[in-house]
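Asker: If you're matching them up, the sequences are chains A and B in order. Residue numbers for the first sequence follow our numbering, so the first one is 1 and each next one is one higher. Residue numbers for the second sequence follow our numbering, so the first one is 1 and each next one is one higher.
Derived lysine to any residue pairs resembling SDA-like cross-links, with alpha carbons at most 25 Å apart:
no.	chain 1	residue 1	chain 2	residue 2
1	A	K190	B	G175
2	B	K190	B	T168
3	A	K314	B	A153
No wet-lab data here; the hints were simulated from the structure. Keep in mind that this is a model prediction, so the values were computed, not measured.
Here are the chains, one letter per residue:
There are 2 protein chains.
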Amino acid sequence: MTTRVIKDTALLAMADALEAGSAEILSANTIDVDAARAGGTSEDIIDRLSLDAQRVRAMADGLRDIAALPDPVGEVVRGSTLPNGLQLQQIRVPMGVIGMIYEGRPNVTADAAAICLKAGSAVLLRGSSSASASNTAIIDIMRAALAGVGLPADAIQQIPADHRSSATHLMQARGLVDLVIPRGGAGLIKAVVEESTVPVIETGVGNCHVYVDADADLDMALDIVVNAKTQRTSVCNAAESLLVHKSVADVFVPRVVAALQQRGVTIHGDPAFRAVNRDVVAATDDDYALEYLSLDISARVVESIDEAIAHIRKFSSGHTEAIVTSSLAASRRFAVGVDSAAVMINASTRFTDGGEFGFGAEIGISTQKLHARGPMGLTEMTTTTYVVTGSGQVR
Amino acid sequence: MTTRVIKDTALLAMADALEAGSAEILSANTIDVDAARAGGTSEDIIDRLSLDAQRVRAMADGLRDIAALPDPVGEVVRGSTLPNGLQLQQIRVPMGVIGMIYEGRPNVTADAAAICLKAGSAVLLRGSSSASASNTAIIDIMRAALAGVGLPADAIQQIPADHRSSATHLMQARGLVDLVIPRGGAGLIKAVVEESTVPVIETGVGNCHVYVDADADLDMALDIVVNAKTQRTSVCNAAESLLVHKSVADVFVPRVVAALQQRGVTIHGDPAFRAVNRDVVAATDDDYALEYLSLDISARVVESIDEAIAHIRKFSSGHTEAIVTSSLAASRRFAVGVDSAAVMINASTRFTDGGEFGFGAEIGISTQKLHARGPMGLTEMTTTTYVVTGSGQVR
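Pulled out of the complex, with its shape left as it was, chain A reads as follows (with noise of 0.2 Å):
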């Protein structure tokens, strides 16, 4: 077993090497970004493909702070002695091989490769090919980096990203890698889900919900509307949809609409939303059952918490759903009633974080029940083993 002092020390090797070979990758960095923009790539992609000084000595941190991080190989989760005298333990042992197939920003090499290494697997990273030059060059400093200290280089290994197959034959190598992460958008999700023999943790597609009850704290509702939405739109826990109780309808979806305008959120209502002005369009199911990750939010009017809880079970993805009220029962009742990874009470959708957290390092939100759900860090990279010690029982 490695030991967290090794592990560590390869770490902050890693994210020396990395800042020293800050020229190597900036000059990676521009065939990708030349290339892409060739090809006639938006600028929003181009700006997550991009990297500059600041980025990769912000990759360099990013490893400093996992090596920062407890160790979570070893945590003994539960143990007892059993009537027989058996010692039981059950300890935390690493997953074994991990394959990562992500898309857009090389940052995520880096820090993927971190995470399971802290976490004590060998990873294989499988990014995009749009990144591919920009991968190798991070990739080659962070092998260096571990032979240097003495670890297996192929701890971390990149799979090609020339062909669609490279991705295929990964999520298929049942046997011989023990878990799967994608992360990106829904289509790249849904394609590994769908593909992959090998065992999967899907994260991250994010149709959240705010839930204004009837008794709400207006001023708190807006402020938590407003924020969910348009504090940051591309990420996973942001708000994509508005449930409001009709009996505060009168009074705040005027002012919620509004608010919202004014910030640039186009408003995909139903008839009570689009009563207020002209500018709020039409919601269809469509729109409701959406993860926009821009400027766009579908809303309506419910009769009860009930219909809202039964608005997000039918249309959620099962992330964050929020619930702004003064009333402690309906905060238990919608609690319980939803069925995602994180329920927010009186509090922003974008708190479900692996950072706000406290977690340290995140690989990924987890939206699906088994093994992990909600923000993953080192813990759920790892397994566990029973150890059972005895001075020869048996049955």
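Given chain A, work out where chain B should sit, using these hints.
Answerer: Then chain B, alone, in the frame of chain A:
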């Protein structure tokens, strides 16, 4: 949320109803047993299929035992107050809908229904067509008991077993079913893992090893090998393979061969084992990979503990491996080196069991790394959600 009181009332009512309906269950069972006998089914399998008054009573008592266990739902797994005042709680909640696909014994029907009910989930039971009449009788009685205490009868549902396709539909009901658990032979489990798009927990295939180290107490080793192989051969935690360190082989191999042969065990051995007598047959790699579930064991002498670990990593199904040693260093090396759900140090492999571990009830033994590894009790049948309570926090 259904409270523990209601769930336990239902479980006790189901237990009473099963006992009261014993005649009805036994008459249905006669139909299954007669059909099996007419079809030429082996007596071994007919024994597993057969019920009598005592087995029905044991089934009812199993439900009463589950009623006595603590409720896993509602447990606060972790909790803290974040720097911004948000109160974070990770709470255990029901999985939702669990599908069981299983073979053989009708008692699994009652057992699986009770565990899922106690864990707050609905269950879809897809048993073997050979036990169809028995399962229908048991399920009808349990459903009536559920309705009698005011719970929805549909919390326990039977999936017809008359077509293979009903199992396929269950495995592919992604979005409707949260988890599928196959219980049965290696063929069934492999088929479910490969065909399912619903998340699966693999259970039960056990190619378990006993390694007798250079520093073993050889009397203890003999007891453990004999117990692990012969105490019950048809179970997944029985030993299927024996590895002996070369430095004790001269003394131990003849002793263990004699002890096993005396109990009717056929040894499939390497040349060192075959040198003892002619009744030891030659082992192939196929033998080393096999879960015999019978009075057979594969056996070989290894050069070192590392060769034993390498052999186990190559051939094991990841269930349980035992080491017999008085060396602390060897026990640690073995526990870290093998990659299995459970490691027994100086104890029989037969102890990997929910009952032995003190979990009360067991739905199976997971040999996968995701979600649950080793014996799965009520806790492993749940998921968690984060409930975050604030006073208007935004980012």
